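Engineer: As you go down the protein sequences, you meet chains A and B in turn. Using this note's numbering, read the first sequence as starting at 1 and increasing by one per residue. Using this note's numbering, read the second sequence as starting at 1001 and increasing by one per residue.
No lab work stands behind these hints, which were simulated from the structure alone. Warning: the hint list may mix true and false statements.
[As the list claims (entries may be wrong)] Here are a few chain A residues that sit away from chain B, every Cβ distance over 12 Å (derived from the structure):
1) 1
2) 25
3) 29
4) 36
5) 45
6) 56
[Unchecked claim] Okay, derived cross-link-like pairs now, DMTMM-like style, lysine to aspartate or glutamate, Cα gap no bigger than 25 Å in a straight line:
7) A:29 to B:1137
8) B:1233 to A:66
9) B:1457 to B:1518
10) B:1499 to B:1545
11) B:1212 to B:1336
12) A:39 to B:1137
13) B:1003 to A:66
14) B:1057 to A:69
15) A:2 to A:49
16) A:39 to B:1518
Computed from a prediction, not measured in an experiment: that's the story for all the values here. Ideal Cβ positions, reconstructed from N, Cα and C, are used throughout, including at glycine.
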Amino acid sequence: MKKTYKIDVDCANCASKMEQAAKNTQGVKDATVNFMTLKMIVDFDEGAEPKAVMDQVYKNCKKVEDECEIFYK
Amino acid sequence: MNKKQKRMLVRIIISSVFMVVLSQLKIEDIWGGWLRFGLYMVPYIIMGYDILRKAVKGIINGQVFDENFLMAVATIGAIGLGEYSEGVAVMLFYQIGEFFQSYAVGKSRRNISQLMDIRPDYANIEVDGKLTQVDPDEVEVGTIIIVQPGEKVPIDGIVREGTSSLNTAALTGESLPRDVTVGDEIVSGAINMTGVLKIETTKEFGESTVSKILDLVENASSRKSKSEDFITKFARIYTPAVCCGAVALALIPPAAQFIMGNDPQWTLWIYRALTFLVASCPCALVISIPLSFFAGIGGASQQGVLVKGSNYLEALSQVKYVVFDKTGTLTRGVFEVTGIHHSPMEEEKLLEYAALAESASSHPISKSLRAAYGGEIDRSRVTDIQEISGNGVIAKVDGIEVAAGNDKLMKRLNIEYTDCHSVGTIIHMAVDGKYAGHIVISDVLKETAKQTMAELKKAGVTKTVMLTGDTERVAAYVAKDLGIDQYYSELLPGDKVDKVEELLETKPAKAKLAFVGDGINDAPVLSRADVGIAMGALGSDAAIEAADVVLMDDDPLKISKAIKISRKCLGIVYQNIYFAIGVKLLTLVLVATGTVGMWMAIFADVGVMVLAVINAIRALFVKKL
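Using the sequences plus the hints, can you model the full thing?
Structural biologist: Put into structure tokens, the structure is as follows:
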């Protein structure tokens, strides 16, 4: 299942760090961050609960880039 | 500018002023130099507090080698060495660079989105005789919506009342207006120019053309190209490598000096190592590559060429083989009367007989005969119609026997006929038992088809191939007329996949193969080719779904245009890659040898980024290609 979230981040490098962090989160099959359109597309693992996974994705992204925002609530 | 950027601008101005004033003041080393230190700390903290905070957080979170960390180490290091103004200036320059980047990117993001702004904001519906604006999302299928002149058509539908001209430039890049009248299908995103239209919607907003196109273009840059992947990987090994380099620079030369018994000059080398760190930020690369692709995709979509991803734009630029499906791409796919030969009577009269005799048939050929005749068909004039399958039709028109069909029909009726040398479908005519000449019907080539082949060659395509289910004779004629290198005729739909696979195997490894079809029942071929291009896709969901590149109108010239756009965009991408890496390496070398100081290093960094961003924006301007 794929979902698209709006994000806010300042630099392209930070965006790619967020992408990496999201990819490495449990329950995420694949993730893409599009810096130009400020969107994050997350492909969830089968049976994963998007809300819970996104909480973790958000936490992991905050770790690598403090000034990022994911609008998933 | 948004709030964050404004705040940053204020910070930049305050610290710049502070710096200028400080550089003019002669500050005595009173209180053991602490006054000077304190004064310089003011602009430093104003400029760098967020960087320092992020650097600390980064270390706590295990993110050691990021640019905040580099900046913090470099500036604190410079200050520690007593180079106060240097440390503050570096922080200032860095922030100016960041500010510019965020401003430029925000600006271009808005510009590009504006170009693609075909999203309708509302739909008009009539409630109790009054026009009411509603959210297009809330309009149900089958609702009558009203579109006034100057408004965008919000949802796909059928015109129920009114006539008008539509401007589809935003969708197709075609500036010629399209006339619509009652009963015509209408696609969303077009702008109504002249009359009021009442439209019965046939789709929901989310399923309408405009939503699909927007969705496609917005998500296009999420499919990353190889160049982007390269940059991501590059950045990942680059930063740690640079850090190791800096440590080496700080330790090895002084240690060597020390062993040789010279003065180790620790301060000098540590300062150089710090400068090395500052100069290393890969920002220009990381920002300009996706920006170039985004701009290229935006510019292309403005020309009616939708590219589904950066990866396809990249593949398109490497296309050397272009394979065409004949019908619908090079030809219009509509049969027309192209000639009338050997007729003893007036051509019009002959066409009238043919159209009337064929009036009961729904075959495309009879349709084109009727279209060529143009007049009203009075069915009551036609009697005794017999269709002889595989031969033609015999009927009585105004009581006179008319036979229209192929050579087999003429043989069957024992009528002598004249063979035709023209390419196409030949309809022999016999009126009242006598041969009355023949009508040639053929699929008409698109006006720009020939020019397209020439343009493709100019754009660097080495081989053009045509695939068709048509007869050998027609295929040979078309291929020769257009200047196509190779053709395969009399193919069944399944054969086309085989031929494309054959071509894929024989082509050079680096060349990419593009297949151009009209999107109708060639989905398997479209997906098999390196780049699948569908034409005339406006209103055809299947084509938009199956292809990698979608041409909104059916002008084949757009194919060469798409290739040129992609070449330009990729050209810019490579310029930026070489330029940014080149300048970076040069700066690093100059820093390591002590030729340039920290100021120059940071200036180079910001300068490269500015130039790369400006260069990337060039990808947007593709109108004149």
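Engineer: Now tell me, hint by hint, if it's right for this structure.
Structural biologist: Going down the list of hints, with the structure as the test:
Here residue 1 (chain A) stays apart from chain B, with its beta-carbon at least about 16 Å from theirs, past the 12 Å limit. Distance check for residue 25 (chain A) against chain B: the nearest CB is about 15 Å away, which clears 12 Å, and the non-interface claim stands. Non-interface status of residue 29 (chain A) relative to chain B is upheld: no Cβ of that chain comes within 12 Å, the nearest being about 15 Å off. For residue 36 (chain A), the shortest C-beta to C-beta distance to chain B comes to about 4 Å, within the 12 Å cut-off, and the non-interface label is violated.
At roughly 19 Å from the closest C-beta of chain B, the C-beta of residue 45 (chain A) stays outside 12 Å, upholding its exclusion from the interface. The claim that residue 56 (chain A) is not at the interface with chain B holds, since no C-beta of that chain comes within 12 Å of its own (minimum 15 Å). Of the pairs offered as hints, the one joining residue 29 (chain A) and residue 1137 (chain B) is violated, with about 31 Å between alpha carbons and a cut-off of 25 Å exceeded. With a C-alpha separation of about 22 Å, the suggested pairing of residue 1233 (chain B) with residue 66 (chain A) holds against the 25 Å cut-off.
A C-alpha spacing of about 22 Å is found between residue 1457 (chain B) and residue 1518 (chain B), which places the hinted pair at or below 25 Å, so the restraint holds. Taking the CA atoms of residue 1499 (chain B) and residue 1545 (chain B), the gap is near 23 Å; set against the 25 Å cutoff, the hint holds. This hinted pair does not check out: residue 1212 (chain B) and residue 1336 (chain B) have alpha carbons roughly 34 Å apart, beyond 25 Å. A threshold of 25 Å between alpha carbons decides the hint, and for residue 39 (chain A) with residue 1137 (chain B) the separation of about 21 Å falls inside it, so the pair holds.
For the proposed pair residue 1003 (chain B) and residue 66 (chain A), the alpha carbon gap of about 18 Å is at most 25 Å, so the pair holds. Only pairs whose Cα atoms come within 25 Å are accepted, and residue 1057 (chain B) paired with residue 69 (chain A) is accepted, the gap being roughly 16 Å. In summary, the hint linking residue 2 (chain A) to residue 49 (chain A) is supported, as the alpha carbons are separated by about 12 Å, within the 25 Å threshold. A distance of roughly 32 Å separates the Cα atoms of residue 39 (chain A) and residue 1518 (chain B); the hinted pair therefore is violated under the 25 Å criterion.
The structure does not agree with the numbered hints 4, 7, 11, 16 stated previously, though it agrees with the rest.
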